[in-house]
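**Student:** Chains as they are written, first to last, in this note's numbering: chain P, 1 to 514; chain F, 1001 to 1514.
Treat the hints as calculated values from the structure; they're not laboratory data. We put the beta carbon where it would ideally sit given N, CA and C, even for glycine. Watch out, some of these pointers could steer you wrong.
[To be verified] Here are a few chain F residues that face chain P, going by a calculated C-beta distance under 8 Å: (1) 1052; (2) 1179; (3) 1219; (4) 1227; (5) 1349; (6) 1361.
[To be verified] To spell it out: a stretch of chain F is covered by chain P in this simulated footprint if at least three of its residues, at any positions, have a beta carbon under 8 Å from a beta carbon of chain P; those stretches are: (7) 1209 to 1217; (8) 1363 to 1376.
[What the hints assert, rightly or not] One-sided and incomplete, this derived list gives chain F residues near chain P with beta-carbon spacing under 10 Å: (9) 1180; (10) 1226; (11) 1309; (12) 1329; (13) 1348.
Protein chains: 2
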Amino acid sequence: MPLNGVGRDVPDRIPGYGDARPFSADGIAETPLREAPETESGAETRGRSVAKVVPLERSLDLLDLRDGMTISFHHHLRDGDLVVSMVLDALARRGLRGLTLAPTALFPVHESILAHVRAGVVAGIQGSVNGPVGRAASDGLFDGPVVLRSHGGRARAAASGELPVDVAFIAAPTADPEGNLSGLSGPSACGSLGYAHTDARYARQVVALTDTLVPYPLPRASIDQSCVDLVVPVERLGIPERIVSGTLAVTKDPLRLLIAERTARVLDACGVIAPGMSFQAGAGGISLAATAAVRERMRERKIRGSFASGGITGDLVAMHEEGLFDALLDVQSFDTEAVRSLSRNPGHREMSAAMYACPSSRGCVVDRLDAAILGATQVDVDFNVNVNTESDGVLLHGIGGHMDTAAGAGVTVIVTPLLRGRLPMVVDRVLTVTTPGSTVDVIVTERGVAVNPARADLAEALRKARLPLRDIGDLRDDAYALTGEPEAPRFGDRIIGVVEYRDGTVIDVIRNVV
Amino acid sequence: MPLNGVGRDVPDRIPGYGDARPFSADGIAETPLREAPETESGAETRGRSVAKVVPLERSLDLLDLRDGMTISFHHHLRDGDLVVSMVLDALARRGLRGLTLAPTALFPVHESILAHVRAGVVAGIQGSVNGPVGRAASDGLFDGPVVLRSHGGRARAAASGELPVDVAFIAAPTADPEGNLSGLSGPSACGSLGYAHTDARYARQVVALTDTLVPYPLPRASIDQSCVDLVVPVERLGIPERIVSGTLAVTKDPLRLLIAERTARVLDACGVIAPGMSFQAGAGGISLAATAAVRERMRERKIRGSFASGGITGDLVAMHEEGLFDALLDVQSFDTEAVRSLSRNPGHREMSAAMYACPSSRGCVVDRLDAAILGATQVDVDFNVNVNTESDGVLLHGIGGHMDTAAGAGVTVIVTPLLRGRLPMVVDRVLTVTTPGSTVDVIVTERGVAVNPARADLAEALRKARLPLRDIGDLRDDAYALTGEPEAPRFGDRIIGVVEYRDGTVIDVIRNVV
Chain P
1 MPLNGVGRDV PDRIPGYGDA RPFSADGIAE TPLREAPETE SGAETRGRSV AKVVPLERSL
61 DLLDLRDGMT ISFHHHLRDG DLVVSMVLDA LARRGLRGLT LAPTALFPVH ESILAHVRAG
121 VVAGIQGSVN GPVGRAASDG LFDGPVVLRS HGGRARAAAS GELPVDVAFI AAPTADPEGN
181 LSGLSGPSAC GSLGYAHTDA RYARQVVALT DTLVPYPLPR ASIDQSCVDL VVPVERLGIP
241 ERIVSGTLAV TKDPLRLLIA ERTARVLDAC GVIAPGMSFQ AGAGGISLAA TAAVRERMRE
301 RKIRGSFASG GITGDLVAMH EEGLFDALLD VQSFDTEAVR SLSRNPGHRE MSAAMYACPS
361 SRGCVVDRLD AAILGATQVD VDFNVNVNTE SDGVLLHGIG GHMDTAAGAG VTVIVTPLLR
421 GRLPMVVDRV LTVTTPGSTV DVIVTERGVA VNPARADLAE ALRKARLPLR DIGDLRDDAY
481 ALTGEPEAPR FGDRIIGVVE YRDGTVIDVI RNVV
Chain F
1001 MPLNGVGRDV PDRIPGYGDA RPFSADGIAE TPLREAPETE SGAETRGRSV AKVVPLERSL
1061 DLLDLRDGMT ISFHHHLRDG DLVVSMVLDA LARRGLRGLT LAPTALFPVH ESILAHVRAG
1121 VVAGIQGSVN GPVGRAASDG LFDGPVVLRS HGGRARAAAS GELPVDVAFI AAPTADPEGN
1181 LSGLSGPSAC GSLGYAHTDA RYARQVVALT DTLVPYPLPR ASIDQSCVDL VVPVERLGIP
1241 ERIVSGTLAV TKDPLRLLIA ERTARVLDAC GVIAPGMSFQ AGAGGISLAA TAAVRERMRE
1301 RKIRGSFASG GITGDLVAMH EEGLFDALLD VQSFDTEAVR SLSRNPGHRE MSAAMYACPS
1361 SRGCVVDRLD AAILGATQVD VDFNVNVNTE SDGVLLHGIG GHMDTAAGAG VTVIVTPLLR
1421 GRLPMVVDRV LTVTTPGSTV DVIVTERGVA VNPARADLAE ALRKARLPLR DIGDLRDDAY
1481 ALTGEPEAPR FGDRIIGVVE YRDGTVIDVI RNVV
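Here chain P stands alone, though its shape is the one from the complex:
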């Protein structure tokens, strides 16, 4: 069996997926121009004087709905989302079967999907999975593989027609009767609707669900009426306290704080903390603490940066408001402060998934990043990163923007403790390659900092700054010395997950756990 560009066994043809174009480390593959998606609606409303505002059941009468179709959802309501369940329940009542779900991400609340899989209503998932649904996939629940895509890769697939969405169901915290949509207000306010833009643009039929219908015209809309077929008022879109966090928790663990502080030193040594800097970090505890450490340095030296991007948090809002970043480019507002800021601050701008990270767009924001701080569930001695499967081999996480940001940023830093519980985080070979080592520059642990050999320039800078450089193999050895070599999970023969690189090539496959 041929090995792809990161040395993984990827069959030429994958049952339930089709032909796999192998990932190549040589660069981004061209997206083949398949039949481009229709830009016209298939719903019964176009060109007729049917009012767009209809109850959910009536909307399903008006849509072209068939067994086997692909339906999509965005994840801005996160673990507070009630829309996926509501829609699937309604489709199930109509007897639809064999649907493919294309969510931009899933959360624990979406465990309700599993019953619909067992009943045959849902046949597969393209886009992202989460804990319970991922675990079920690893157990072999789905007939074919789930197809995992990054945020940028999903936008690319939607634009190219590789992911043809028949109906996009868009949770809209505020909507007017023509389908101008906003996430800024209403009880389910979530801020940016960045991930929904792609679906609104490319889906054959677009249905907005809202619990806050306001008079026409909504003056500030993220998605405009020309994309929306139907507007469905519902009692509740979501559970507010599970949609946005109050304040995200910075880690208090001394070991993680050490990693965070060290990460700021790494960025400083690489010359990133400088006027005009651009920056992205995740919302994990270490990343938040590293952002705080970067902030201290920017303040001390009165550095005015250019922008912070990605998921926006209250701490980035504070940095923007104190003049440390001129702009915030927001694909997803993580907390209540970020939601408020998007309304209030002219320099805080919503962006689509395509603008954020799509590799076939004409230029995406990740390509402008000086630095990205990213997490991992495993890294290996080739600097490959796994964010999908846990050490037991179970598929528990989606990709998010991980591989997009790593590919784009000038310096990509992976932050991870050497161990989590009794499991090594630096390993010989990751169970799943999510992000190729060729796009990863530095790994920061409490036991030392490893630099990708391809980046001799950075190694030299970090050495001068007296950072504790270690060979990545030594970090692995340290980890194994403490835990023993990890036992390989027992995988079966079935491919239950396909990890697409952002260009649509297959970077890895995930097999069932037995």
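Use these hints to put chain F onto chain P, whose structure you have.
**Tutor:** Relative to the frame of chain P, chain F by itself:
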């Protein structure tokens, strides 16, 4: 030869145009799903680390440019535009030939195009013409017909692939180095970039030209970087005083003021001037005066309207700021006050041509209009309106949003004096049907008000309000009594213009003048 739905001779096949689908008065034609446009760029920059900011000549090196291609421009710089000339001159220096221009509109400044037509650089025009270029078309300068489309029809044709744009050259009053674009600031500020959105979205290659390059990222952009291939800095985009007017001139002519006041009475009698009203009027002298008369009534009765749309003027801004309209939906900012308001007023929103008027979109703003006040160069006894050709048969004007707004608005009022100079404006049969009579409700002249017989409801309301109702035939007779029956222009055999209805059917053809 068959007659179409407004009784016009339209051949099945038009040389230089192809098969003509005849206009039908029965409703909007479905847009056939031709091969959808590519969403990927053809420029040499995608997926490579070529900086987007390049001089004009270098941009032409990077583009896929060939003889016979279609290139597009927007008209937000109006009569101050220097971009069309600059680009055509550069393309001519490269020896390109047979180009089709697809401007959203043209102005007298664009007379410079004619030399390029004579030299073979430009072969045809799809979209709009103006005085000098239109006159040259009527004289038979072009080999094939120019194709005239409304703003909504052009957006539809671009979306469906009927108007495949190879390169869109977008004048951007402000741009950042990745191609985030805004019309709000810079010496060539023009406010809304509404007509450019369609081209940015569908063109195979997109080049922004700017005289104001600002640091990345531009926080408030009308068009985002994911659509833009190249950014070309130039010394001057336009001549500011010819881009936006200072204050548009309301008519002082007593006869026109009478028509304006009467128009407000008509709208009042039709029940339009009421809470929640929506309204669009042109920027002609009578329309501006009619808007002022509507404003007085709204003020007196403390009426709070919903929105005004289309081209936005300072008087509409004032109405918005005094609370008479909750929102302004702006596809084109006509004067400096409108440009400033778009920056300042959250209720003043930019909209794309598609959102404004596209009949194949999922819902456009014109369909929400309670009333539209529109001008004419001729109307006839069937209520058909001509805005394209003058009484001498010469093609002098584009369509703008005329047929879109008439089709969408609840009440469409045409305002016109009975005579202009010694020419009758109400005639037996318009020389060119731009807007079908089936979408026109009322014609207001100084000699009386004619109501379309299909709107008995309106006639009854106007009668009750003691408006001077006249039969349209009587208005024509009055006009002819004063001027004599107008002499028909002498047309040749060649079809020099095709007037597409907003759905892509052919509503009329225009022949050369001999």
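**Student:** Would you mind marking each hint as holding or not holding in the structure?
**Tutor:** Hints and how they fare:
Interface restraint check: residue 1052/F against chain P, minimum CB-CB distance 6 Å, threshold 8 Å, status holds. This hint holds: residue 1179/F has a C-beta 6 Å from the nearest C-beta of chain P, less than the 8 Å allowed. With its C-beta approaching chain P no nearer than about 5 Å, residue 1219/F sits inside the 8 Å limit, and its interface hint holds. Contact between residue 1227/F and chain P, as hinted, is supported at the beta carbon level, the nearest pair being about 6 Å apart and thus within 8 Å.
The closest approach between the C-beta of residue 1349/F and any C-beta of chain P is roughly 5 Å, which is under the 8 Å cut-off, so the hint is satisfied. For residue 1361/F, the suggested interface contact is upheld, since its CB lies about 4 Å from the closest CB of chain P, less than 8 Å. With 3 residues carrying a beta carbon less than 8 Å from a beta carbon of chain P, the region 1209 to 1217 of chain F meets the three-residue requirement, and the given coverage holds. Only when three residues or more bring their CB closer than 8 Å to a CB of chain P does the claim for the region 1363 to 1376 of chain F stand; here the count is 4, and the claim holds.
Contact between residue 1180/F and chain P, as hinted, is supported at the beta carbon level, the nearest pair being about 9 Å apart and thus within 10 Å. A hinted interface residue such as residue 1226/F counts as satisfied when its beta carbon comes closer than 10 Å to some beta carbon of chain P; here the least separation is about 4 Å, so the hint holds. For residue 1309/F, the interface hint holds, since its Cβ comes within 10 Å of a Cβ in chain P; the closest pair sits about 9 Å apart. Interface hint status for residue 1329/F: upheld, as the beta-carbon distance to the closest one in chain P is roughly 6 Å, under 10 Å.
A hinted interface residue such as residue 1348/F counts as satisfied when its beta carbon comes closer than 10 Å to some beta carbon of chain P; here the least separation is about 8 Å, so the hint holds.
When held up to the earlier numbered hints, the structure conflicts with none and fits them all.
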